[in-house]
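**Q** Got chain A sorted already, so can you dock chains B and C onto it with the hints?
Below are the chains, spelled out letter by letter.
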Amino acid sequence: MNVNPPMIPPIPTPPGAPQESVVPNSPIADLSYRNYDGPLRPPIFRWWTVCRMSLRLLWKKPWFWGIAAICLFPYLIHAIFYYFAGSVTIQILAIQFPELADLPSFKFPLQMYSAFTGNINSIILLTIALLAGAGSTSIAADNQANALQVYLSKPIGKGDYLLGKWMCIFLSVFVVAAIPAISLYLFFLTVYATQGFLHDAPWLWLQTLAVTLLPAAFHASLLVGIAAWSRSPRMVTAIYAGLNFITYVMAPVLGRILSHVYHRDTWQNLLITHASLQGILDGLAQNIFHMPDVNLLFIRREPHLTPMPPLWPLVIASLVLMGISLAAARAKIHAVEVVKG
Amino acid sequence: MIVLEHASRWYGQVIGINDVSCRIMPGITALLGPNGAGKSTLIKLITGQLRPSTGTVTVLGEAPFANPRVFRRLGYCPELERGCDDMTGRYFVTLLAHMGGLPSASIPQRVSEVIEFVGMTENADRKIGGYSKGMRQRIKIAQGVVHDPDVLVLDEPLNGLDPIGRREVTGLLTGLADKGKCVVVSSHILYEVEHLTRNILLMNHGRLLAQGDIYTIRSLIDAHPHRIAIRSKHARALAIHLLNLPYVLSARLDAPDATQVEVETRSPDTFYSQFPDMVLEHGFDITSFESPDNNLESVFKYLVNESGTKATQ
Amino acid sequence: MSDLYLFQNALKDLLRPRRLLLALFLIATPTLLVILWRMTLKHADAIPPDSIYNEVSGRIIFGFILVLLSVVFSTSVISQEIENKTVSYLLTRPLPRWRFLLLKFIAVFLVTTAIAEIAVIVIAQIIYGSSGLGQAGPRQDMALLPLGVLTFGSLFLMIASLLNRPLILGLMYGFGWESVMSIFAASAPGSFNHLFLISYFRALAPHLMPSDEGGSLQLFNSNLPPTPIPIWLAWTVLSSVCVLCLGGALYFFSTREYVPRDDAE
Chain A
1 MNVNPPMIPP
11 IPTPPGAPQE
21 SVVPNSPIAD
31 LSYRNYDGPL
41 RPPIFRWWTV
51 CRMSLRLLWK
61 KPWFWGIAAI
71 CLFPYLIHAI
81 FYYFAGSVTI
91 QILAIQFPEL
101 ADLPSFKFPL
111 QMYSAFTGNI
121 NSIILLTIAL
131 LAGAGSTSIA
141 ADNQANALQV
151 YLSKPIGKGD
161 YLLGKWMCIF
171 LSVFVVAAIP
181 AISLYLFFLT
191 VYATQGFLHD
201 APWLWLQTLA
211 VTLLPAAFHA
221 SLLVGIAAWS
231 RSPRMVTAIY
241 AGLNFITYVM
251 APVLGRILSH
261 VYHRDTWQNL
271 LITHASLQGI
281 LDGLAQNIFH
291 MPDVNLLFIR
301 REPHLTPMPP
311 LWPLVIASLV
321 LMGISLAAAR
331 AKIHAVEVVK
341 G
Chain B
1 MIVLEHASRW
11 YGQVIGINDV
21 SCRIMPGITA
31 LLGPNGAGKS
41 TLIKLITGQL
51 RPSTGTVTVL
61 GEAPFANPRV
71 FRRLGYCPEL
81 ERGCDDMTGR
91 YFVTLLAHMG
101 GLPSASIPQR
111 VSEVIEFVGM
121 TENADRKIGG
131 YSKGMRQRIK
141 IAQGVVHDPD
151 VLVLDEPLNG
161 LDPIGRREVT
171 GLLTGLADKG
181 KCVVVSSHIL
191 YEVEHLTRNI
201 LLMNHGRLLA
211 QGDIYTIRSL
221 IDAHPHRIAI
231 RSKHARALAI
241 HLLNLPYVLS
251 ARLDAPDATQ
261 VEVETRSPDT
271 FYSQFPDMVL
281 EHGFDITSFE
291 SPDNNLESVF
301 KYLVNESGTK
311 ATQ
Chain C
1 MSDLYLFQNA
11 LKDLLRPRRL
21 LLALFLIATP
31 TLLVILWRMT
41 LKHADAIPPD
51 SIYNEVSGRI
61 IFGFILVLLS
71 VVFSTSVISQ
81 EIENKTVSYL
91 LTRPLPRWRF
101 LLLKFIAVFL
111 VTTAIAEIAV
121 IVIAQIIYGS
131 SGLGQAGPRQ
141 DMALLPLGVL
151 TFGSLFLMIA
161 SLLNRPLILG
171 LMYGFGWESV
181 MSIFAASAPG
191 SFNHLFLISY
201 FRALAPHLMP
211 SDEGGSLQLF
221 NSNLPPTPIP
231 IWLAWTVLSS
241 VCVLCLGGAL
251 YFFSTREYVP
261 RDDAE
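Chains as they are written, first to last, in this note's numbering: chain A, 1 to 341; chain B, 1 to 313; chain C, 1 to 265.
Because the hints were derived from the structure by calculation, they are not lab data.
Given the structure is predicted, the values throughout are model-derived calculations rather than measurements.
It cannot be assumed that every hint is accurate.
[What the hints assert, rightly or not] Each computed DSS-like pair below joins lysine-lysine, with the alpha-carbon atoms no more than 27 Å apart:
1. A:332 x A:158
2. C:12 x C:85
3. A:60 x C:85
4. B:133 x C:85
Just chain A, same shape as in the assembly:
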C-alpha cells in the first residue's frame, strides 16, 4: 500500500517560456525517492559495499601509503645488490653451499624469497594488516560504536559483513605486498630476459603471486576473528601484534632448546623453529619458492643452509588457525547489544 500522498504533476511549461517553480500543495515533502525502482545491485555484491566503504576510509589517508612505501625498500635493495654484485655472490654461494648449486634455478627465486621474508617486509605487512583490521574501520570499532545494529538491519547478512571486512584487510595487505614484488619481477624480466631469466625461472611470476596472497589471507582471517571478539581497536592491535612478536621470538629459542633432541635439520626441529605466526608464513613461502633458507645479505657464521620445513604441517596449521578465527568471528557477530547489569 502506498502511504505517500500522490504528487500533483507540474504544469508543463511551453517551450521558450521562463521556468516557474511549482509549489506542491501537500505539506509533506517529496518522498518519492523512497519508491526507487531503478536497477539494484545483485546480492552477490553486498560484501563489496562493506569492503569498499572500509577501503575508501583507509586508502585515502596519505600515511597509509607512506608506510606501505617502506615495503619497496627490501626489493629495491635486492635489485641493486643483484645488479651490482649478484653474479659474484651467487658464485660464492654456490661454492660455499653446494646444495644451492644443485637446485635447477635458485638465483632469482632466491632474491624474491629473501626480499619477501625480510624482516622489514614482514613488519610492514603486519602494520598494514593492523591498520586495516584493528583501526577505525575494524569490527572492533563497529562493536564499540554498536554499528552492527545498523549494518545488520540492512539487507546484508553476517556473511556479507564478514566477507567485506575480510576483503578490506586482504586487499590492503595484498596490494602492499604485491606491488613491490611484481616490480622486482619486472626488473628481472627487463634486465635479464636475454640472459636466461625466463628459462631459469619460468614460474617465478606464479610463485610471487602465490606468496603475496599468503600474508593477506592469513592476517585477514586472524584479525577478523580477534576483532570480532573485542570492543577496543587498541586491544586488538596489542593482542595481534603481541601474538605475532611473542611467537616470533619464542620459536627460535624453543628450537635451540630442543635442538639436542631434534637435530637442526630434522623436520621436527624445522617445524618448531617455524612455530610462530610469521614462521608459518615464512615456511610456506620457502616451500613455494622451493628454497632453503640462506640469509643472503648477512651470511651466518656457521656454513649451513636451513632446509625447507615440511609443507603439510604448515598448511594444516595455517588452515586450522584461519578456520578457527573465521568461525569465531561468525559466532560472535550479532545485531543486538547485550547489556550487562
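**A** The following block gives chains B and C in isolation, referenced to the frame of chain A:
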C-alpha cells in the same frame, strides 16, 4: 563571567566558529543551534579544551586553556563518555572531587551532598555501566558541581532523558542559577529550554545569530510578522474589524463559518494593548487568544532558515 | 593527597583483572620455555644455564616483554583517555596537566617494572635454583630493567603526546627499528649500531646479545667491525633519552589540544 571577543576557531579548512563576540553573565544561558552550528566548539573554547585561532576567550577574567585557576571555578559536563563504566557513581564523583582540588577530609561528605542533590543516593554505589541514561546525566552533573564552581557548562544535559528526568534536571539547573552561578546549557530540545531560561545564544554555521532575551529577539524580527490566533463565535465579523486596523497585515479564516481567525501584525505590542478595547466596544465573544509564533521554536526556525538561505545564496 | 588518590586510581586501572591476565601471560611465556629447558638438562649437549638465561633475557625479556609493555601501557596513558572520551574530564580539572601525566606515568613505570622484574626472578630461580638472584646476569638485568622501562616508556609517552596513532607507531619502532634493525646493526660496520637504543643496553649488559646474531659480513667488510659503545656513552645516551622524552611529553601534553576522538588508535 564568560567573554568572547571576535573569537574564531577553525580545523584546517573547516570553520568551527566564526568571529563570535558575546558576554555570558550569571544565570542560565541556553546555547542553541542546529547540528554543526559550532556549539560544541564554543563549549570546548569556554572550557579550555581548545584555543581560539583568532580573538580571545576569557572565563572569570582569564584565558581558560590549561588554566588550573579557571578550572577551580569551572564545572563541565561533557556530552559523551565511555570509559567510566567500571566505576561506581560515588567513586567517580569522589575521584573527580579529588582532581577538583577539594580538601581530602571534606570530600566524602561533599560527595554525599552532591549525590543527594542530584537524586542519586540510592544508586550511587552501583557501577555506572548499569546506569540508565538519566542516571548517567545526573552523575555527570554531580561531578560538575562537586567543587561548587561559579561557572557550569553542560553539553546536551537533557539528551536521552525522559520527561520526568528532564524536569528534574531543569529544576537542578534552575536551583544552581538561583544561587548566582553562571550556567551554560547546550540543547536541541527547544520547548524544554524555553521553560529553563529566556536567555539564549543562537548559532548557525559557526556564526552567532542572536543573543539575549528570546522575546526581545522575537520582537526585533521585523521582517517576520507575529501571528495571533483568536477563537470567537463571531470570527468573521471580528476579522472584518481587525482588517480595518492599520497595524494588522492580514486576517485569515480557514472556512466561511470558521470560529478561529489568524491575524498577522508587525506591531504585536500595539495590537495587544488595543485589542481588549476593541472587543469590549463591539461585544465580541472571545473564546481563546494565543500567539503560536511567540516562542523559541519560531525564533529558531526563522533565524536559522534565514541564515541558511543567505549562506546558500 | 589528591596526587596520591590519582596515583592510586591509575594503579587500580592498570591492575584490573584483564591487565593482570596479560601480565601473567607475559611472565608465563619465558617461564614455560625455561621449564622445557630444564627437562632437557639430562642430555649431554643441553644448552648451559648461562646461555639459556642470556637467550631468554635478551630476546624475550628485553626484546619483547619490556618493549611490548612499554608501548601498550605508556601509549594508553593518553590514547585510552581520548578513545574513552574521558579526556574532557581530565583536562578541565584544576590540576596542572603535566602533573596528571606524570602521576599516571609513574604508575605505568612501577607496574611495567614489576612485571618484568618478576619475570627475571622467576626464570632465574628456575634456571639457577636458589642462587638465581646471585648470578651476574639476573642481577644486572634487575638493575637495568627500571632504566629500560623508563627509557622506552618515556619515548613512547612522548610519541603518544605528539601523534595520533602512537600504538602502531610504537610497535613499528619497538619491533621494527629496534628489534629487526638491531640485528643488522650488530654486524654493521662502524657506528651504525649507535642508532638503536637496544645497543646501549647491550653495552651495559653484554650478555643481552643473542648468540646467533651478529653474523659477520665476512664477504664484504671484515676490515670494518662494529664500533663498541663505551659504558659512559651508554649511560649518557639512555639518561638523556629519558630526560628529553619525558620532559618533552610533559611539555607537549601541557600545551597541545586533546579532544575526544573515536579513532584515537
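**Q** Now tell me, hint by hint, if it's right for this structure.
**A** Here is how each hint holds up against the structure:
| no. | hint | in the structure |
| --- | --- | --- |
| 1 | A:332 x A:158 | 10 Å, holds |
| 2 | C:12 x C:85 | 19 Å, holds |
| 3 | A:60 x C:85 | 25 Å, holds |
| 4 | B:133 x C:85 | 16 Å, holds |
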